[in-house]
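**Q** The listed protein sequences correspond, in order, to chains A and B.
Reading the first sequence from the start, the letters are residues 1 to 444 in UniProt numbering.
Reading the second sequence from the start, the letters are residues 1 to 287 in UniProt numbering.
Fair warning: there could be bad hints in the mix.
To be verified - In the SDA-like style, the derived pairs of lysine to any residue whose C-alpha atoms are separated by at most 25 Å in a straight line are:
(1) B/274 <-> B/13
(2) B/118 <-> A/345
(3) A/403 <-> B/141
(4) A/128 <-> A/53
(5) B/20 <-> A/234
(6) B/118 <-> A/163
(7) B/118 <-> A/199
(8) B/274 <-> A/229
(9) A/345 <-> B/22
(10) B/13 <-> A/330
(11) A/403 <-> B/226
(12) B/20 <-> A/163
(13) B/274 <-> B/38
(14) B/20 <-> B/43
(15) A/239 <-> B/88
Just so you know, these hints were derived from the structure itself, not from any lab.
From a predicted model like this one, the values you see are computed outputs, not experimental measurements.
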Amino acid sequence: MADKESKKKTVVYTEEQEKNIKKATFLSLVPGLGQLYNKQVFKAIVFFAILIIFIIEMVVFGAGALEGLVTLGTVPREDHSLFMLIEGSMQILILLVFILIYAINIYDARRVAKMRALESKSVNYTMKSILLNAYNNGFAYMLTVPAYFVMLFAILFPVLVTIFISFTNYDFYHIPPANLVDWVGFETFASIFSLSTYRDTFFDVFSWTVIWTVSATTLQLVIGILTAVVLNQPFIKGKRIFGVILLLPWAVPAFITIMSFSNMFNDSVGAINSQVIPFINNLPFVDIPSIAWKTNPFWTKIAIIAIQGWLGFPYIYVLVSGILQSIPADWYEASVIDGATSVQKFRYITLPQIFAVAAPIFVTQYTGNFNNFSMIYLFNEGGPGSVGSGAGSTDILISWIYKLTTGQSPQFNIASAVTLIISAVVITISMLIFSRTRAFEMED
Amino acid sequence: MAQFKPKKIRTQKTSRRLNKVFTYAYLISLSIIIIYPLLITATSAFRAGNILAFDLKLTGPWTLNNFRRLFQETLYPQWYMNTLKVAITTMVIQVTAITLAGFAYSRYRFIGRKQSLKFFLIVQMVPTTAALTAFYVMALLIGGLDQHWFLIFVYIGGGIPMNTWLMKGYFDTVPLELDESARLDGAGHFRTFWQIILPLVRPMIAVQALWAFMSPFGEYLLARFLLRSPENYTVANGLQTFINNQRDQRVALFAAGAILIAVPIATLFFFLQKNFVSGLTAGGTKG
Chain A
1 MADKESKKKT VVYTEEQEKN IKKATFLSLV PGLGQLYNKQ VFKAIVFFAI LIIFIIEMVV
61 FGAGALEGLV TLGTVPREDH SLFMLIEGSM QILILLVFIL IYAINIYDAR RVAKMRALES
121 KSVNYTMKSI LLNAYNNGFA YMLTVPAYFV MLFAILFPVL VTIFISFTNY DFYHIPPANL
181 VDWVGFETFA SIFSLSTYRD TFFDVFSWTV IWTVSATTLQ LVIGILTAVV LNQPFIKGKR
241 IFGVILLLPW AVPAFITIMS FSNMFNDSVG AINSQVIPFI NNLPFVDIPS IAWKTNPFWT
301 KIAIIAIQGW LGFPYIYVLV SGILQSIPAD WYEASVIDGA TSVQKFRYIT LPQIFAVAAP
361 IFVTQYTGNF NNFSMIYLFN EGGPGSVGSG AGSTDILISW IYKLTTGQSP QFNIASAVTL
421 IISAVVITIS MLIFSRTRAF EMED
Chain B
1 MAQFKPKKIR TQKTSRRLNK VFTYAYLISL SIIIIYPLLI TATSAFRAGN ILAFDLKLTG
61 PWTLNNFRRL FQETLYPQWY MNTLKVAITT MVIQVTAITL AGFAYSRYRF IGRKQSLKFF
121 LIVQMVPTTA ALTAFYVMAL LIGGLDQHWF LIFVYIGGGI PMNTWLMKGY FDTVPLELDE
181 SARLDGAGHF RTFWQIILPL VRPMIAVQAL WAFMSPFGEY LLARFLLRSP ENYTVANGLQ
241 TFINNQRDQR VALFAAGAIL IAVPIATLFF FLQKNFVSGL TAGGTKG
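With the sequences and hints as input, model every part of the structure.
**A** Right, dumping it as structure tokens:
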């Protein structure tokens with residue numbers, strides 16, 4: 001609303017008005033003074049009070065916290081590097097919030113001064129009218145504040161701390177307060193790629209993570225789309241029954257099914273080897289031996305990809321069913337007149353329409369599996385065997401991070417660095433795809 | 001035209017019949033693949049005797065003993081209460097926050113709106129579960145380790161970006177004219193929100209609430225990491241101790257515990273699943 005007004009008319013101020021506006025802006029370098037100059041006493045008091053609170057906070061806590069963040073402690077057993085790092089990060093966030101308020105203060109002083117120059121009467125001078133104005137024009141901000149507050153501490157803060165830790169040597173040799181933690185710059189990142197043990201593990205885990213993400217997600221997409229298309233045929237009887245059955249994997253909490261499957265795939269007594277394979281062997285010309293589902297890495301991989309297909313397809317199936325309903329029937333009629341086969345109809349009408357609507361959601365399916373800790377960890381704890389540096393042969397990056405953080409010899413810095421690499425990869429790829437779909441276009 | 005020659009019709013008929021056969025074969029085998037493992041877990045809960053591993057056995061004897069043991073010999077009731085506590089608190093706070101924010105993003109044009117919406121989309125891709133070290137250190141500092149309130153806080157924070165986005169998408173489907181006429185009739189910001197718009201988005205609020213409520217039942221990683229003592233576990237962590245303890249596998253007890261979680265959640269789910277999907281697609285594609 002405010003944007004529109006300022007765009008509409010370019011105002012020419014007299015020289016004296018210009019001077020006043022500049023003066024108000026300049027004075028507001030000390031929060032409150034500019035507002036005082038504009039005769040908004042209440043606002044001035046509020047901004048000045050914030051300044052005072054900030055100064056007190058800096059003296060009591062902030063300065064020490066920032067210094068601690070730089071040194072991370074000098075006396076072992078007395079200085080707790082970790083707490084210093086946390087307090088320092090907290091202070092940085094406080095600083096950012098203050099800078100934001102400071103900028104608002106200057107912007108506000110300048111804006112009000114401009115308003116006064118044009119029509120002095122429209123400016124709110126009393127406390128009551130200022131509060132009322134804040135309520136009327138700032139309602140949206142008030143509504144979003146709770147969400148921002150939680151995100152600041154539950155998302156931004158951990159991300160900041162993760163970034164910091166990846167630049168330190170915080171590992172099992174440096175556990176405060178017995179030892180100090182120090183800044184080591186890019187050494188942690190370098191060691192992931194230069195130390196042969198970490199490098200080999202990282203690339204092993206990373207390449208399996210990619211294979212896992214692509215094959216498991218694609219499998220669930222293919223089954224989901226196929227099922228939706230198959231069930232969408234008009235002649236099918238018992239649609240409702242099938243519909244309910246196909247939803248079951250989605251409705252039962254995933255950890256329950258994963259743990260159950262984990263047990264069923266038990267090499268010696270599990271249902272797959274003791275019931276399913278013998279049953280399949282009843283077919284003519286089929287003779288499958290027992291399979292080492294949990295001790296042979298290859299078969300473990302096959303098993304978890306299949307289970308993820310089982311778990312993930314119902315969501316896609318429901319989504320695609322919804323989209324199929326919305327495709328106009330006359331498109332198909334027209335294509336039949338043109339002599340299209342059913343494969344052509346699927347290829348040129350159905351599939352593009354599905355992707356047009358659901359592409360962003362498909363992307364989130366890929367990123368979800370990239371970080372699908374439960375599936376990997378609850379099936380076989382990332383095992384069997386080891387590919388070095390604490391990672392098992394089916395560990396993906398996120399479950400490797402978990403092991404690096406919780407294992408016998410925790411490597412917090414490596415874990416943080418890997419977290420950042422994961423985030424960078426996921427964000428870059430998703431942004432690329434999102435920017436090519438409609439997800440980023442916003443009305444206004 | 002070629003299709004109308006008698007010979008062609010016959011091949012079309014057979015291909016249609018073939019299609020039917022394949023379709024039903026596909027649907028039936030898929031159904032079996034889905035039901036088989038679930039049936040194993042469900043029936044194992046009622047089987048008498050010591051079960052070593054899951055397999056399907058439909059001949060009794062049946063018993064309720066596993067449920068009795070679950071309540072008498074394990075911490076399961078405690079875990080269930082913990083999870084309920086975490087789930088309900090998470091639900092109330094998160095739904096309040098995202099409803100307010102979603103309304104603001106849908107109805108008001110303010111400075112930083114577009115930027116922060118994009119920020120939401122990006123932030124939602126950062127795996128908050130991956131910032132384990134940070135959460136650990138943070139919990140250590142403020143005394144949140146092994147505490148439910150800290151877990152709740154992390155759940156709420158992680159759920160806000162994506163769900164605000166979806167909420168905003170749903171608010172967008174309510175016509176703006178409603179707000180405008182409410183304003184003309186003299187309703188203020190708050191009254192417009194509370195009395196006019198809120199009742200219309202109640203379905204989405206219900207879905208979001210159920211979603212927020214269900215997620216702590218299924219979340220494993222953070223709960224495992226932040227809750228240290230067995231009496232503080234949520235059901236996911238607790239049940240895992242039954243099945244991943246090599247020396248003392250209590251498969252039947254696991255199955256009984258799983259049923260007590262899966263049945264109420266699946267029931268709720270089936271009543272509300274239509275809303276899930278419409279909410280997701282509405283929020284996801286409107287942008």
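**Q** Are the hints correct? Go through all of them and say.
**A** Results for each hint:
1. B/274 <-> B/13: violated (36 Å)
2. B/118 <-> A/345: violated (36 Å)
3. A/403 <-> B/141: Within the cut-off at roughly 22 Å; holds.
4. A/128 <-> A/53: It holds: about 24 Å lies between the C-alpha atoms, which stays within 25 Å.
5. B/20 <-> A/234: holds (11 Å)
6. B/118 <-> A/163: holds (21 Å)
7. B/118 <-> A/199: violated (34 Å)
8. B/274 <-> A/229: Judged against 25 Å, a Cα distance of about 18 Å means the pair holds.
9. A/345 <-> B/22: holds (19 Å)
10. B/13 <-> A/330: holds (23 Å)
11. A/403 <-> B/226: Measuring from Cα to Cα gives roughly 14 Å; hence the hint holds.
12. B/20 <-> A/163: violated (57 Å)
13. B/274 <-> B/38: holds (23 Å)
14. B/20 <-> B/43: Violated. Residue 20 of chain B to residue 43 of chain B sits at ~33 Å, over the 25 Å cutoff.
15. A/239 <-> B/88: violated (35 Å)
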